[in-house]
Amino acid sequence: MSQLSVKHLLGIKYLQPADIELIFETADHFKEVINRTIKKVPSLRDVTIANLFFENSTRTKLSFELAQKRLSADVINFSVGQSSVKKGETLIDTVNNILSMKVDMVVMRHPNPGASVFLANNVNSCIINAGDGTHEHPTQALLDTYSIRERLGDVAGKKVVIVGDILHSRVALSNIFALQKLGAEVKVCGPKSLLPKHIEAVGVGIETDLRKALNWCDVANMLRVQNERMDASYFPSTREYSQQFGIDMPLLDSLDKQIVIMHPGPINRGVEITSDVADSDHAIILDQVENGVAIRMAVMYLLASKI
Amino acid sequence: MSQKVLLNATEITIILNRLACQLIETHLDFSNTVLVGLQPRGIYVAKRLAALLTEEYGIKNLQLGYLDITFFRDDFRRGDKVLNASKNEMEVAVEDKKVVLIDDVLYTGRSIRAALTAIQSYGRPSEIELLTLIDRRFSRHLPIQPNYRGRQVDVIKNEKVIVSWKEVDGKDVIYMVNK
Chain A
1 MSQLSVKHLL GIKYLQPADI ELIFETADHF KEVINRTIKK VPSLRDVTIA NLFFENSTRT
61 KLSFELAQKR LSADVINFSV GQSSVKKGET LIDTVNNILS MKVDMVVMRH PNPGASVFLA
121 NNVNSCIINA GDGTHEHPTQ ALLDTYSIRE RLGDVAGKKV VIVGDILHSR VALSNIFALQ
181 KLGAEVKVCG PKSLLPKHIE AVGVGIETDL RKALNWCDVA NMLRVQNERM DASYFPSTRE
241 YSQQFGIDMP LLDSLDKQIV IMHPGPINRG VEITSDVADS DHAIILDQVE NGVAIRMAVM
301 YLLASKI
Chain B
1 MSQKVLLNAT EITIILNRLA CQLIETHLDF SNTVLVGLQP RGIYVAKRLA ALLTEEYGIK
61 NLQLGYLDIT FFRDDFRRGD KVLNASKNEM EVAVEDKKVV LIDDVLYTGR SIRAALTAIQ
121 SYGRPSEIEL LTLIDRRFSR HLPIQPNYRG RQVDVIKNEK VIVSWKEVDG KDVIYMVNK
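Taken in order, these protein sequences are the chains called A and B. The first sequence begins at 1 in this note's numbering and counts up one residue at a time. The second sequence begins at 1 in this note's numbering and counts up one residue at a time.
There could be a bad hint or two in this list.
What the hints assert, rightly or not - Straight-line alpha carbon distances no greater than 25 Å define the calculated DSS-like cross-link-like pairs of lysine-lysine that follow:
1) LYS159(A) with LYS187(A)
2) LYS39(A) with LYS98(B)
3) LYS306(A) with LYS81(B)
To be verified - Ranges of calculated distance between the beta carbons of each label pair, as one might list FRET restraints:
4) ARG45(A) with ILE144(B): 13 to 23 Å
5) LYS40(A) with ARG140(B): 41 to 51 Å
6) GLY114(A) with ALA51(B): 30 to 40 Å
Hints in this document: simulated from the structure, not taken from any laboratory. Predicted model, so just to flag it, every value in this text is computed and none were measured. No residue lacks a Cβ here, since even glycine has one placed at the ideal position from N, Cα and C.
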């Protein structure tokens with residue numbers, strides 16, 4: 001009987017390849033569950049989960065909440081807008097207050113990198129990181145790699161390019177770790193101003209010519225330009241960005257082979273990818289969303305067996 | 001660890017044939033019946049019975065599914081054991097059908113309790129029956145009894161019944177081990 005080597009899901013960095021495989025296998029079963037007439041199983045009926053979102057989110061929050069409800073867990077939601085955080089309460093106090101109401105598991109998104117690791121070290125609960133600043137977003141990376149495995153059969157040996165705003169992206173870092181652990185080759189591509197210094201130290205290649213990158217890869221993961229995290233001007237204009245680093249149909253058609261297009265959402269249509277690409281057969285963007293629920297069910301199911 | 005053979009290959013074949021005949025007695029042409037093998041080990045009993053029914057007894061269009069009950073079990077998060085799931089293969093419709101749940105060993109009855117809930121995810125059967133190859137007597141935790149039983153055995157708590165199949169384990173034999 002296999003189980004996860006970790007008690008929390010704080011980042012892909014802390015997982016073993018076998019953990020990721022176990023999550024995928026479990027997600028396969030949950031994917032079948034969410035396609036039944038009755039899409040619910042009673043596994044977590046005695047578990048209470050708090051969703052703490054200190055930063056805005058639509059799909060991640062919905063996906064987690066749906067996954068929790070499909071597992072029959074009790075759910076409480078917390079958004080920073082309506083909370084006492086505005087009155088000056090610290091993170092540990094906020095969470096400990098919630099935990100004293102007998103909550104078993106915490107799903108947290110926070111604007112500060114490392115917030116979930118800090119929380120795991122300071123409170124007595126199972127923590128799932130739903131994105132911490134520009135650090136990691138492990139469930140997104142799991143669902144991305146799971147979607148690649150689903151479309152291409154395997155992740156090992158595949159070539160994946162991550163395009164766009166690598167500097168501000170937690171999705172990029174988690175994806176790099178997950179892809180490498182599963183044996184894929186990774187390159188990043190974007191304007192130099194949006195590539196972190198020393199990114200090659202984590203073992204990824206760098207490409208600043210999108211056409212070359214696309215001709216090399218099997219999968220292109222197009223990241224969103226995160227205007228809200230930009231404290232300075234990183235490229236001259238959106239138009240110039242989309243001309244150099246955006247994908248449109250003529251570009252895809254001119255490539256030597258067919259590639260898979262991914263996007264973690266939300267899409268800036270016409271910036272990273274054009275509408276016809278987003279809605280084409282190349283794109284697996286909506287599969288990623290569906291797989292997100294199955295992956296999150298698998299993660300919570302496997303972690304719940306350890307509390 | 002001591003080991004004692006409960007049934008050999010010939011006895012298993014005879015019993016499977018009898019069970020197939022008993023099923024035919026109740027279900028006739030099986031047009032309104034679905035056989036459901038329980039994962040992970042009940043599916044081999046179901047496969048054998050299905051093969052007998054089609055090949056030996058000429059039943060046509062037999063409907064067979066495999067149900068995994070892991071997410072419906074009542075011992076999740078109780079004890080150290082992690083529960084890993086197996087595959088559901090329920091391509092058949094169970095709505096308004098007579099369902100026969102098939103498992104290898106009936107012990108506490110808890111798996112069957114879980115299966116009774118799990119099957120509802122696929123629809124509302126008109127009737128549910130239970131077939132088990134081995135029925136461990138005096139060990140039930142729940143009021144569950146089989147409609148068709150291969151062999152009833154008396155096995156105490158620290159003994160285990162192991163059913164091995166030619167196609168997966170090398171030979172057909174059912175034995176009892178002392179843990």
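Structure-based check of all given hints:
1. In summary, the hint linking LYS159(A) to LYS187(A) is supported, as the alpha carbons are separated by about 8 Å, within the 25 Å threshold.
2. With a C-alpha separation of about 22 Å, the suggested pairing of LYS39(A) with LYS98(B) holds against the 25 Å cut-off.
3. Only pairs whose Cα atoms come within 25 Å are accepted, and LYS306(A) paired with LYS81(B) is accepted, the gap being roughly 10 Å.
4. Look at ARG45(A) against ILE144(B): about 21 Å separates their beta carbons, and that is inside 13 to 23 Å.
5. Between LYS40(A) and ARG140(B) the CB atoms are about 28 Å apart, so this pair departs from the stated range of 41 to 51 Å.
6. Between GLY114(A) and ALA51(B) the C-beta distance comes to about 58 Å, which lies outside the given range of 30 to 40 Å.
Of the numbered hints given earlier, the model fails hints 5 and 6; all others are met.
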